[in-house]
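Peer 1: Take a look at the letters that make up each chain.
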Amino acid sequence: MARYILKRLLMMIITIWIIVTLTFVLMKAVPGSPFNEERTTNETVQANLEAHYNLDEPYIVQYLLYLKSIVTFDFGPSIKQPTETVNDLLGRGFPISFELGIVTIIVAVISGIILGILAALRHNGIIDYVAMSFAVLGISIPNFVLATLLIQKLAVDWGLFPPATWSSPAHMVLPVIALATGPMAIIARLTRSTMLEVLTQDYIKMARAKGLSPWKIVFKHALKNALMPVVTIMGTLLAGILTGTFVIEKIFAIPGMGRYFVESINQRDYPVIMGTTVFYSAFLIFMLFLVDIAYGILDPRIKIHKKGGGE
Amino acid sequence: MEKILEVNDLHVTFTTYGGTVKAVRGVNFHLNKGETLAIVGESGCGKSVTSNAIMRLIPDPPGKISNGSIIFNGKDLTKLTEKEMRQIRGVDISMIFQDPMTALNPTLTIGSQLIEGLRQHHKISSENAKKKALEMMDLVGIPNPEVRLKQYPHQFSGGMRQRIVIAIALICEPELLIADEPTTALDVTIQAQILELFEKIQERTGVSIILITHDLGVVAKIADRIAVMYAGKIIEVGTKREIFYEPEHPYTQGLLKSVPRLDLKGEKLTPIDGTPPDLFSPPTGCPFTARCPFAMEVCDKVYPFHSELSDTHHVECWLQDERAKQLLATSATK
Ligand SMILES: Nc1ncnc2c1ncn2[C@@H]1O[C@H](COP(=O)(O)OP(=O)(O)O)[C@@H](O)[C@H]1O
Ligand code: SF4
Ligand SMILES: [Mg+2]
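Protein chains in written order, with my numbering: chain D, 1 to 311; chain H, 1 to 334.
Hints in this document: simulated from the structure, not taken from any laboratory.
Hints are not guaranteed to be accurate.
[As the list claims (entries may be wrong)] To be clear about the criterion: a stretch of chain H counts as covered by chain D if any three or more of its residues have a C-beta under 8 Å from a C-beta of chain D, and this derived list gives those stretches:
no.	stretch
1	92 to 100
2	110 to 122
3	152 to 165
[Stated by the list, open to error] The calculated label-pair distances, taken between Cβ atoms and stated as ranges, are:
no.	chain 1	residue 1	chain 2	residue 2	range
4	D	P229	H	P61	18 to 28 Å
5	D	T232	H	S126	46 to 56 Å
6	H	P143	D	R122	44 to 54 Å
7	H	T284	D	S140	49 to 59 Å
8	H	N8	D	M1	58 to 68 Å
9	D	V136	H	K64	24 to 34 Å
[As the list claims (entries may be wrong)] Negatives, chain H to chain D, calculated, CB over 10 Å:
no.	residue
10	S66
11	F244
12	F280
Yeah, the Cβ is synthetic: ideal placement off N, Cα and C, and Gly gets one too.
For reference, chain D alone in the conformation it holds in the complex (with noise of 0.2 Å):
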């Protein structure tokens, strides 16, 4: 276990490097730099700001500076708002958006594995039908659609919840249904047609051959066969909903790292864009890295942990 973990490190190192080398060209290859933009500023300052900024280095000095802000996780102060460093707006940013996103899993994995058990056990019933009408549309409607209905309907013709913002619960259901809704479709039809399908296998009429009840039988023996297909594709689910708060909290007006990493890139705010991207894709490679994990403990088969016995 031990050494799989190592090398799993190793490995997430090594694509967070490419990652940052990846942006770090790009940035450079984008035109524009955090001052020419609207101000006009004289070309001395200019010059003085961009020597402040190590900016006027060649670029091989600018990217090993880049890699040392990486490694110290000290990303400076931000070029827009010099009052803050990169740190803070993480570390304002990110428990919002954390939030939002963790809200949102929760929400689309237990609603879609309880919605797809459902339509399974009422196979071709009417719960079947309703809940894959359901999600069929849950799938074909982007996010931010949704998104605008949700704010319309709810909160700004019927009243029900805040239309924005992010300070109670009360304001978390637009977002998180907003968000929620597509992985969660994708999840319940996962979860269905792998239920269809392991609700046939020798071992469950094994399984009632015992005698076992038909709850037992499906959460004991079925649930965790159903469920391996799903968690293979959380990894793709969870770097969704992680593009989708972008959006999400663009509409809501959330204060979470999104706006900060929208807007830095529009400002070519450099050191703020090198810190989300960072964030994100750490972040990301930190939970596929989580859904490996469960893999293996859900899949005896796949041997992460230590050597089988066998015959």
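Starting from the known structure of chain D, fit chain H with the ligands onto it as the hints suggest.
Peer 2: Here is chain H with the ligands on its own, set in the frame of chain D:
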């Protein structure tokens, strides 16, 4: 002898898009306490459906026990509710399936799959349950049971898995064990070991066994009586002697000719020509007519009556009619 199971006029149908499959069409047989009855027949003749019907494990829909009774220890199983049936499955009647590679749940340890039946039906401490599990592992011949209990199915070979499946079936000490082709998926040497295990278990526990197989060779070793099934009906039943040495039904005779035998070395193996009838619309007469070398005009039209050649030897074939017997006798003397 005391009967533990009596199946009367059992009919099972499956409703599909293509029509209604009449998989089992009036099956009658019984099982005495402590004996082994083999049900033999070509694949698709309704053996598994019959055994699933006894366990009430026919998937409904599309399947349905449309008629008949299954009397187990005086109780008609077809009349029980699903909940009552759960008290019988795994406790009084257990079942072993054909493919040990798929019968075990890949995500659960052997130990948990062994013990769960026991804990479902009896109030038993986990310590005692484990003790019982170790006992069972020992009975079915799995070495090093302490370690093995903690392992997963993929860590066992096919033969070992079938032993575990047998241990699971026996852990609640059932009175009746239904084994549906328990050795078909295994290679020959392992087959022999598993059959020996059945004998040993019956000796120790006195369990009554229904052994389902398409292979008469398997039956020769351990069956007391044999029922031959064809197109959803039992067409001949008798003791092992009667079936092997005095088979009366042309289908049984054909089956015997297609089994390799040690005592008849020189003889050629001849498979039965043709295929069984379509069970969507089975013939009204004898279903074997199209393949039978003795078929007569009546065979196609009317189903043959039931003849009892002895207490134990019953057959359903028009050749048992006196007129057919006379005809055969005269043509033989010519
Ligand atoms: N779930 C089902 N749906 C439709 N037909 C079935 C089903 N199960 C079995 N049958 C039909 O019942 C007949 C007997 O099958 P089975 O008992 O499995 O044969 P076998 O003697 O090989 O065990 C076959 O013709 C099969 O097509
Ligand atoms: S009833 Fe007729 S067709 Fe059927 S087995 Fe007997 S002789 Fe053959
Ligand atoms: Mg079968």
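Peer 1: Confirm or reject each hint.
Peer 2: For each hint, the structure was consulted:
Three residues within the 8 Å Cβ limit are the bar, and the stretch 92 to 100 of chain H against chain D gives 4, so the coverage statement holds. With a threshold of 8 Å between beta carbons, the proposed coverage of the stretch 110 to 122 of chain H by chain D holds, since 4 of its residues qualify and at least three are required. Counting residues of the stretch 152 to 165 of chain H whose CB falls under 8 Å from any CB of chain D gives 7; the rule of at least 3 is met. At about 26 Å, the CB distance of P229 of chain D to P61 of chain H agrees with the hint of 18 to 28 Å.
For the pair T232 of chain D and S126 of chain H, the beta carbons lie near 33 Å from each other, so the given range of 46 to 56 Å is not met. A hinted range of 44 to 54 Å for the beta carbons of P143 of chain H and R122 of chain D is consistent with their spacing of about 46 Å. One distance hint, 49 to 59 Å for the beta-carbon pair T284 of chain H and S140 of chain D, holds here, with the actual separation near 54 Å. For N8 of chain H and M1 of chain D, the Cβ-Cβ distance of about 59 Å falls inside the hinted range of 58 to 68 Å, so the restraint holds.
Remark: the range hint 24 to 34 Å for V136 of chain D to K64 of chain H is upheld by a beta-carbon distance near 33 Å. For S66 of chain H, the non-interface assignment is confirmed: its Cβ lies about 21 Å from the closest Cβ of chain D, beyond the 10 Å cut-off. Every CB of chain D lies more than 10 Å from the CB of F244 of chain H, the least distance being 31 Å, so the non-interface label holds. With 10 Å as the threshold on Cβ separation, the claim that F280 of chain H sits away from chain D holds: the shortest Cβ distance comes to roughly 22 Å.
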